[in-house]
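Novice: One line per chain: the protein sequences are W and Z, in this order.
Each residue of the first sequence is one higher than the last, beginning at 288 in the numbering used here.
Each residue of the second sequence is one higher than the last, beginning at 15 in the numbering used here.
Treat the hints as calculated values from the structure; they're not laboratory data.
From a predicted model like this one, the values you see are computed outputs, not experimental measurements.
Virtual Cβ for every residue (Gly too), placed ideally from N, Cα, C.
Among the hints, erroneous ones may be present.
Stretch by stretch, here's where chain W covers chain Z in the computed footprint (C-beta under 8 Å, at least three residues) [as the list claims (entries may be wrong)]: (1) 35-45; (2) 55-67; (3) 181-194.
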Amino acid sequence: MKHLSDDELVDLYYGEPAGEPGGVGDRAELGGARQHIESCGYCRDAFAALKSDLDAVPAIESPARGEDYGQAIWQSIAPRLTRYEPRRFEWPRLSAGMRIGIGLGFAAACALLVAGGFFAGSLWQSKHPHQMAVQNPSPAAGSHTGAPAQPRVVVVVLSDHLDRSERFLVELKHADLDNSGSGTPLRDEARNLLAANQLCRKNVASDDDPALTTALDHLDRLLAEAASSPGRLNGAALARLQNEMNADGVLFEVRVLRSRSTDQGANGSDRPNGGTI
Amino acid sequence: MGRNDHDAIRAVLSGDKDAYGALITRHSQTLLRVAFRITGNEADAEDVVQEAFLSGYRKLAGFESKSSFGTWIYRIAVNCALDKVSGRKKHNEVRVAGHYDPGEEEIQIADGAAGPERLALSGEIGAMETMALRSLTATERTAFILRHMEGCTSVEIAAALGMDSNGAKQAVYRAVQKLRRRLAPLRVGV
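Could you build the full structure based on these sequences and the hints that come with them?
Specialist: This is the structure in structure tokens:
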């Protein structure tokens with residue numbers, strides 16, 4: 288019969304299986320040791336001696352302390368403790384590659400945003416053409432002449448030119464043929480109007496507007512004759528100009544065009560073309 | 015209890031230093047008991063308790079919440095107590111161990127002139143037992159105290175002493191053998 292070793296007896300005393308360090312589940316091994324002790328007088332005596340020795344070792348009792356002992360410990364060490372800083376969120380450290388990637392992504396997002404803005408703007412413009420025309424009127428838009436769009440300043444210049452031309456023609460019509468002094472301002476005005484008229488004619492030459500073209504041609508001849516008269520316009524020259532004016536009906540044509548231009552300007556569309564000064 | 019410990023730890027780590035006071039109040043008696051049993055000295059035991067809680071506070075950020083704070087601080091206290099008795103060794107000059115084991119630290123105590131027989135005859139049995147206990151190495155004594163008085167398993171002893179379970183068991187075996195040899199004359203006398 289194999290007897291229990293001293294170590295096995297110690298394990299048996301403390302209730303811990305010898306083959307299982309710290310074992311708490313192998314009770315079968317302990318049970319076997321206990322059964323062996325029951326049947327083996329030698330081991331039983333050895334275990335009794337061990338138990339007697341270990342039972343004689345008293346548990347060391349710690350000194351008694353009151354309920355406030357923990358508080359006293361805390362008071363003694365608290366001044367030596369440094370308060371923990373509350374944990375804060377920290378951005379993760381990024382590698383150079385990740386930083387470049389994030390930068391490129393941000394740039395791409397910005398570019399996409401700008402492109403989207405342009406696209407949305409163009410979409411909105413295509414869906415609201417009338418509002419755009421009112422906000423930014425185009426003289427040729429929907430014009431009965433079908434001419435390309437012209438800047439607003441051209442329309443204004445043509446309208447102004449027709450207005451000035453009408454005043455010139457009215458003065459010419461009512462000029463005092465006996466007073467030779469009235470011819471000088473008419474000649475100067477004719478010279479000024481001639482340059483503007485030639486510009487308007489050049490600008491409307493490509494337009495399909497025969498009324499305007501004809502009127503400007505008639506006006507051009509009249510103005511050229513008045514402007515090219517040597518010296519002062521005398522009574523005879525004024526009479527001749529009046530006759531030409533009446534023959535061509537220039538004053539009537541200019542009045543018609545001017546009224547049409549005024550109406551178109553009020554409507555914001557179908558404006559006649561003019562020249563750029 | 016454990017849940018309250020974790021709440022207090024979270025509070026401490028969030029900047030509430032006073033929450034640590036609750037942990038100290040809860041575990042100070044246990045630490046004082048084991049510290050006194052290992053050091054055998056009341057003043058040293060109180061020092062060990064303070065050092066353990068100070069060390070625990072400084073290491074609290076590394077504490078893993080899946081374990082028990084009580085077990086964790088208990089191990090710290092055991093190590094502090096071991097350091098204390100190891101440091102005390104340098105101040106004692108008289109070796110009382112029956113033999114010298116260079117692989118282990120010896121507890122050095124003042125033996126005096128009294129032999130076992132005289133102590134037994136004078137009825138100082140308790141003092142003899144205490145002396146026998148103090149004749150163990152620091153590791154053996156701590157392992158035996160944890161096993162015999164604290165009721166720790168080999169796994170718990172191993173964790174507290176930073177060794178494997180088999181080493182902890184061997185330390186207990188050696189402690190028991192030495193104690194029995196020391197107490198044998200007393201048993202015969204009685």
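Novice: Cut-off 8 Å, C-beta pairs, minimum 3 residues; does the coverage of the stretch 181-194 of chain Z by chain W stand?
Specialist: holds (count 8)
Novice: Check whether three or more residues of the stretch 35-45 of chain Z sit with their beta carbon closer than 8 Å to a beta carbon of chain W.
Specialist: Three-residue rule met by the stretch 35-45 of chain Z, so holds; n is 7.
Novice: With a Cβ-Cβ cutoff of 8 Å, does the stretch 55-67 of chain Z contain at least three residues near chain W?
Specialist: It holds, with 5 qualifying residues against the three required.
Checked against the numbered hints given earlier, this structure breaks none of them.
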